[in-house]
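Here's the letter readout for the chains.
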Amino acid sequence: MSVHVVGVGMTRFTKSPESSVEELGVAAIAEALADAGLAARDIDALFCGNVFGGLAVGQRVARAAGISEIPIVNLENACASSGGALREACAWVGSGGSDVALVVGVEMLTNRGGGLVASDAHGPSERLGITLPALYALRASRYMADYGATAEQIASVTVKNRRNGALNDRAHFREPVELAEVLESASIATPLTLLQCCPNVDGAAAVIVVSDAALARRGRARAIRIAGWGMVSGNALDRVGAEPTATLRAAHAAYERSGIGPADVDVCELHEPFTIAEIEHIESLGFCEHGGGAEYTASGRSAIDGDGVAVNSSGGLIARGHPLAASGAAQVYELVTQLRGEAGARQRPNARVGLAHIMGGNIPEIDSNACVVHVFTR
Amino acid sequence: MTGVVYACTTLHRAFPGHTVPFTVAWIDLPDGARVLAKSSAGTDEGVRPGDQVTLAHDVELDVQTFDRVSR
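Chains as they are written, first to last, in our numbering: chain A, 1 to 378; chain B, 1 to 71.
Hints were generated in silico from the structure; no laboratory data involved. Owing to the predicted nature of the structure, the values given are computational and were not obtained by experimental measurement. C-beta: ideal position from N, C-alpha, C; glycine also. Keep in mind that the hints are not guaranteed to be accurate.
Over the 10 Å line for every Cβ pair with chain B, so calculated as not near, a few chain A residues [unchecked claim]:
#1 Ser20
#2 Ala27
#3 Ala34
#4 Arg163
#5 Glu178
#6 Leu179
#7 Pro191
#8 Leu215
#9 Ala221
#10 Arg225
#11 Glu256
#12 Pro262
#13 Cys288
#14 His290
#15 Asn350
#16 Arg378
Chain B is faced by these chain A residues, among others (derived, beta-carbon under 8 Å) [unchecked claim]:
#17 Leu116
#18 Arg127
#19 Leu128
#20 Ile130
#21 Thr131
#22 Arg139
#23 Ala145
#24 Leu183
#25 Ser185
#26 Ser187
#27 Ile188
Where chain A lies over chain B, by a calculated footprint (3+ residues, C-beta under 8 Å) [claimed, not checked]:
#28 1-10
#29 20-34
#30 41-53
Generate the whole structure from the sequences, applying the supplied hints.
Next up, the structure:
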């Protein structure tokens, strides 16, 4: 039994504080249904990822979209919420519980006041005043000490992703930036500067997945197969100097299940709320050796026209913006668009294999709340 | 207690109630534990991974604090 993506949709990710999860969710769903050539009545299960919207966001979005009388599951795993919702949808479809499942990721962030997103308010680090960018900055300081990477190399992630975002009409930031501008922007947590942090935005994205039987009824046109997946939650890091391994473990599982290796991947959307994350993740995903991620990025290998894996061709979290729970589904939107060959000016030529990586973490002593990897083939 | 800096950063943006800038570090202890601590001076932009530090407990703030000893 395979699971196939037949429709994707997303709003532009940007600051729209007057909007609502219902309005954004309905817009993303409408585009996904039209893309799939399906109607709301064809959907037989809904999986909704959201963090800050309150209770029953899936039910509220479904009501506004005219979808009823189907099972609805709400899922919160921080930034990995809609990546996890896709995993649940695939599990239902793969086990015969659903033929045509709808995944929605939706988030309203800018009506919360903007600025720093709250970290773990209940943990032992709260009194220190640790922030999410500071957690990544700590990793950057260690990475630079271990491998001799420079602040310029790390900041080059922003230059690449802003260049990609300028080619994506769904991205928040549509203008490229120069390296000097990135380095000279306000310091947030050394060595990370403001333009190395993802912007808080609002948005929604939707994905429709179907069974083999439903695909046969509908036809295979523009369908993308989900070839494998991995999903882990974080190990405790507060003892014996353990290293974060969530990405390694989730990627290993996805490669094992799909029979696809890192050398086969053409396009990758990964979780880079801060520049250093992209550099470490391309190593953990196996695109280059450990310690090689900074050079891989700075030398242009992960650009759309580079000779490596095209990483975050959408602009990623840094340019597209990061409405927490919506980002995982937006990654699928980008990969499906690339694998269909419909990405226009940002198309990686002949892209055949895509990998989505999303993780959520807000607790310093845990190696991410959850990490989800999916592999897609055309 | 002495330890070695594993990683460090100086925060220039923080939540309300925290005065910036301030420096925090993961400190590796001899028994293998790793703890988050704040510079006793508030800010120490010169601290680097590998530096030796002493650890103390700030009773008023109820947080661990570190002081740089040597590189």
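**Message:** Of the numbered hints stated earlier in the document, which are not met by this structure?
**Reply:** 7, 24, 25
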